[in-house]
Amino acid sequence: MPELPEVEVTRRGIAGPLRGARVLYARLGKPLRWPLGCPTETLAGWHIGEVSRRGKYLWLPLSSAAASEPSAGAGAGTAANGTQGGLLLHLGMSGSLALLRDAPAPGPHDHFDLVTDRGTLRLNDPRRFGAVVWSLALHTPPASTLLRHLGPEPFDPLLTPEAFHARLQQRRAPIKAVLLAGDVVVGAGNIYACEALFQAGIHPALRADRISRPRAARLLAALRSTLARALDLGGSTLRDFTDVHGASGAYQAEAAVYGRAGQPCLRCGSLLRRRVQAQRSSYFCAICQRR
DNA sequence: AGTTAAACCTGGTTGC
DNA sequence: TGCAACCAGGTTTAAC
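If you're matching positions, the first sequence starts at 1 in this note's numbering and goes up one per residue.
Because the hints were derived from the structure by calculation, they are not lab data. Any given hint could turn out to be false.
Quick list of the computed label-pair ranges, beta carbon to beta carbon [stated by the list, open to error]: (1) I287 - E153: 28 to 34 Å; (2) A221 - F129: 41 to 47 Å; (3) F129 - L24: 25 to 31 Å.
As the structure is a prediction and not an experimental result, all values here were calculated from the model. The beta-carbon is built from N, C-alpha and C at its ideal position, and this holds for glycine as well.
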C-alpha cells in the first residue's frame with residue numbers, strides 16, 4: 001500500500017486534527033516489526049505536535065504540556081514537565097492509519113491505537129511489517145538509527161539533477177534496485193519506481209552508474225512528476241489503500257506499466273514485460289525503455 | 001565496501 | 001471444492 005504519496009496523504013489527513021490533541025491512552029495488538037520501546041502507559045498525557053514525514057516514516061512529536069499550560073505533576077505514567085518525545089511510524093507493506101471519532105472495537109489487524117481527546121488514531125496492518133517506535137527525539141536512537149540511511153527527499157531543491165547524477169555514478173547496481181534502496185533518493189516504492197523508469201525511457205536493469213547526465217535529469221523529473229501526480233490523486237490504490245477518511249486513491253488507473261505484464265505498451269503497443277529484480281517485480285517496456 | 005539473498009507476516013489469487 | 005504455489009505497496013539484517 002504505502003509509498004511516499006500514500007504516506008504523505010496520510011500525514012495530511014491526520015496532522016490538522018491531531019495538532020494539540022492530548023493522548024488519553026494507547027493500546028497494542030499483535031507485535032509489529034519492532035517493539036514499541038516503552039510501556040503503553042508512558043504515552044498517556046502527552047500533547048501531539050505537528051506530524052511530519054521523512055521518507056515513508058511518519059513522526060508524531062509529543063510534548064509534556066500545551067505551550068502555556070504547566071504540568072500539574074509528573075506522577076507515574078504522566079509526562080514530566082518540559083520533556084518531549086515522539087512516535088516514529090511506518091506503514092510497512094500493508095498498513096494504513098485511520099482517525100476515528102468513535103472507534104469500534106479493534107479488529108484482528110488493528111495493532112495499535114493511540115486514543116486522544118480528538119479521536120483514535122488506529123493502525124491497521126494485516127502483514128505487520130509496519131512499526132510504531134517510541135523515541136525521545138528524531139535525532140536520537142532509535143529514530144535516528146532507522147532514518148540514518150535515508151537519501152534526500154525527492155522534492156528537496158538541493159537534490160539537483162547534477163547531484164542526483166553524481167549519486168547514481170557511485171552505484172553499480174541496477175537503477176531499479178537503487179531507486180528502491182532509498183539511499184540515493186527516498187520515496188519511490190515498487191510502483192512509482194517502475195512508472196518513473198518508464199516515463200524516463202530507462203530500462204530497469206541498466207546499471208545506475210551507466211546513466212548519462214541528461215538521462216539522470218530526465219529520471220529525476222519523471223520521478224517527481226510521478227510522485228506529484230499520485231499525490232494529487234490521493235495516492236495509489238492497487239489493492240486496498242485508503243486515506244484516513246476511508247477514501248481510496250485514484251492513481252491505479254494511471255499506471256502505465258505496473259501490473260500490466262502481457263498488456264500492450266500505451267506508447268508503442270508492444271507487450272509489456274515483468275522481471276524480478278532485487279526480489280521485486282519490475283514491469284517495463286523492452287522497446288521504450290533502453291539500456 | 002558494496003551488492004544480493006533471507007527474513008519478517010497475512011491474505012488474496014491462480015492453477016492443478 | 002481443496003489445497004498448494006505464488007503473489008503483494010517495505011526495509012532491516014545477515015550472508016556472499
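Hints and how they fare:
Between I287 and E153 the Cβ separation comes to about 33 Å, which falls inside the hinted range of 28 to 34 Å. Taking the beta carbon of each, A221 and F129 are about 31 Å apart, not inside 41 to 47 Å as hinted. Distance hint check for F129 and L24: the Cβ-Cβ separation is about 28 Å, which falls inside the suggested range of 25 to 31 Å.
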